[in-house]
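*Asks:* Protein chains in written order, with the numbering used here: chain A, 1 to 133; chain B, 1 to 389.
Do not take every clue at face value.
[As the list claims (entries may be wrong)] Here are the in silico distance ranges between beta carbons for each label pair: (1) B:D115 - A:T27: 42 to 48 Å; (2) B:G301 - A:C24: 51 to 57 Å; (3) B:P359 - A:Y14: 58 to 64 Å.
[As the list claims (entries may be wrong)] Chain B stretches covered by chain A per the calculated footprint, using a threshold of three residues with CB under 8 Å from any CB of chain A: (4) 112 to 122; (5) 196 to 208; (6) 244 to 252.
[What the hints assert, rightly or not] If you want a taste of the chain A side facing chain B, the calculated C-beta under 10 Å gives, among others: (7) E68; (8) R129; (9) V130.
Honestly, the hints are just simulated from the structure, not real lab data.
If you're wondering where the values come from, they're calculated on a predicted model, not measured in any experiment.
Backbone N, C-alpha and C define an ideal beta-carbon position, used for all residues, glycine too.
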Amino acid sequence: MHIAREWRVRRQRYRLVGEVCDQCGRTLFPPRDTCPHCTEPAQTVQTLSGRGEVFSFSTMYDAPEGFEEYVPYTVALIELEEGPMVTAQLTDVRPEEVRIGMPVEMVTRKLRDEGPEGQILYGYKFRPRVRES
Amino acid sequence: MREVAVIGIGQTPVGEHWERSLRHLAHDAVKAALQDAGVERPDALYVGNMLSGELTGQEHLGALIADFVGLRGIEAVKIEAACGSGAAAFRIGYMAVAGGLHDVVVVVGVEKMTDSPSEVITSALAMAADQEYEAGQGISFVALNALLMRRYMHEFDIPHDAFSGFAINAHRNAAGNPNAMFQRPVTLEAYRQAPMIADPISLLDSSPICDGAAAVVLAPTDSEIARQARQRHGIARVIASAVATDSVAIHDRRDPLFLEAVALSSYKAYEQAQVQPSDIHLFELHDAFSITAVLSLEAAGFARRGKGTLLAMDGEISIEGRIPVSTMGGLKARGHPVGATGIYQIVEVVQQLTGRAGPNQVQHAGIGMAQNVGGSGATVITHILEAAD
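Only chain B is shown next, with the shape it has when bound in the complex (with noise of 0.2 Å):
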């Protein structure tokens, strides 16, 4: 296998793009990152969606794409894994590329989701759940993880509030990101506040509906391309790839309350990659939900069973903390346009390890894990990459 690097990284605004169709929006971020990697024909384009099929009625993304930023004729598909269809097309170009069937390869993740209306954006997002045992039985997306929040509230005696600091977290660092839906803080008070939308899920719980694209190119890492990108602005080296699945049912699961999936693929990455938790600098994790957040950092070995909402509550997810995570804003405040959120998150971690977040950067960021997550933990893809200094 080849080393494999992201040498150019592009994205569009997260937001509600009336002007702009699905079609436009990946075209912005696959331009952007192509210009930044210095290339001007891949030889594949692998695309992230979920949702484009139902909500735009238009699917053959790849193809559509492909024509639509010039480069008719290359290889191209979509590649669907629900809210991880991101990461899940992300993991499809790094084999391209480290198995050496394709030297230089880009990866968007697009999704279109504010043209529909409410009832139709969630019985679509429904779809990464168990179609004949639980959307069928009217239960929606956010309400699924509402079970798991209400029994894990109810097993480890969490308070709701215990859980702001996630969202007080995510929004302070989208303040610091212009390409965040949410640029600006919340409150406490504003927390406790806000609507219910599947109790004990309130609006502050969880992420939003909206648009965007984002894109990165892939490369040997020992290519003269990816030197050339080194040069310019720094590059970041895949260190670890892995993928793992659970039952997509929750009443299927072992333990509800245990993301299984979370920890075969943490721990299948950390073997890859030879690190441990305490070694990663910043974790971009899939807090579609502030339960999620709290699930996923437990299984992946960065909080105990029962324990996940202190580190949000002692300061230590902060930028400045001992495991910063959501660092521009996540998908809370950034934005969870579903089947882009895994790209958005591995070009947040090449800007920290190359040193270009802003005002959000983590100091001597070297190491950093973006994790992608499917369904309530279904399909979870966690990628660990490093600064190519």
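Just chain A, with the same shape it has in the complex (with noise of 0.2 Å):
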């Protein structure tokens, strides 16, 4: 169990909340409390619109502990329409349907459960868009 853990990155999971940097304003996520791009220590919180382009991608089939009732699943590096990339699954859609450039739109999905007895953890994947912007 892990909760404390889990609970830390909760508006990161569940509403992809991100920073934009006050001296380059470059957008970063995960928040950081150094800019990469400039190592200046203050950003603002901003949440991230959760739209953006398949930039790669892969079908697994040898999964990770807790993840093997998925397999195959995909998983892709999604570019994000403010700048910065992020690792995420993709959820509706065939594995053979998916394309790099396909634009995709976040929605909040199960994760995994820690066994039977431990908690159930939600966050972001990515499906192929269907709302207008």
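Build the complex: two chains, separate frames, hints provided.
*Replies:* Shown next, in the form of structure tokens:
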């Protein structure tokens, strides 16, 4: 059980809350204490749109512990509209339909549960875009 | 700083060692290296290992292994830097001898992976990635590299077959290495038919799960013990040692297809050794996946961007080629017992530089480079060694 560890990142997992660097103006996800681009400390909290494009993807046939039941599943690097990249599973799409450049949007889905008596973890996945901006 | 040499080497065969535990594997490699160096009691022992806590339930390897090999009392600690743990431990040993803190140091890399079920190993290896934002999404370490490979194929219009030369070269070389896990060649047909692990990475694009241990003994080049070892079987001087880091998460990279830490660490090492890539006679690179080999060759200055696969297709990476890589089988075919790999690479460079590489000997090998990578390019450790004749 890692309740505190999961709870701390709930704003990122549920709402894609990132930051904008006050100094260089770049958008950061996940949030950091120091901007990796200009190394300035303070940033302004910003919720990201959740829209982006597939930068790369892979369908996995061997899963880590806790994810075995979902095999095969497709994971991707998503380039978000605001600039940063995020690593996430794709959902509501067949592996053979995925392509680089495909427009996608964030949805909240179950990530996994920690056994029969453990907590259920929810978080972001991305699906082919159906909503207009 | 004092000049440091590798004066003794030892290794176990890489494979599935059901009958030997982690401490026994380390024991065999350390004992072999001490004997090769003509040393009874070194001043310190440094252990490179990544997964013993997770897979064996055993940490505190410094004291455990020191005691088990009959060195109770000496300084000993474990060093961890994911798959770069072996070279990280070597660098600590190098710094201790170069800085004059110790005169004789033994460094061992050891990993015991095959006792655990595959999903447990997959989870453990994913600890080399960002736990909160990569591994937590259910992505495996193989899949992270598959994301790089897919994008590389897309951006540079490279077909999957173009990567086959790396597996074919590694397996051909492993056939001449009695310590390699897969001592048999593979064909292009086998490469094409290999099952996918994480699309587009197939079984023949990927290094295996395995066990093993390798060890080296370090001493000042001008010491009496080094002089004796030099007369017996030759030694290799360490002429560069450099480490660089990058973001752990691939999505945080400025350019995911350029391994910045490989470039930083390689060029720092070239500067220290006063050499250029064209002066290197063999390159033990980190071919955990064929895409890693390609990106490393490009960032280390052996190929232009987008052209790394051409080296394998044109035969330039073979034993007789312009820049031989994976000369004893590499991670792909010798095997990749993660925390031990960095030391296997150094041992093999020393074998080449002292004329002890058997049928895989690179002719006139005078300068060799070993590069060990932790994570998907997050920690990169480069060593350049030169034959002391």
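*Asks:* Of the hints stated earlier, which fail here?
*Replies:* 2, 8, 9
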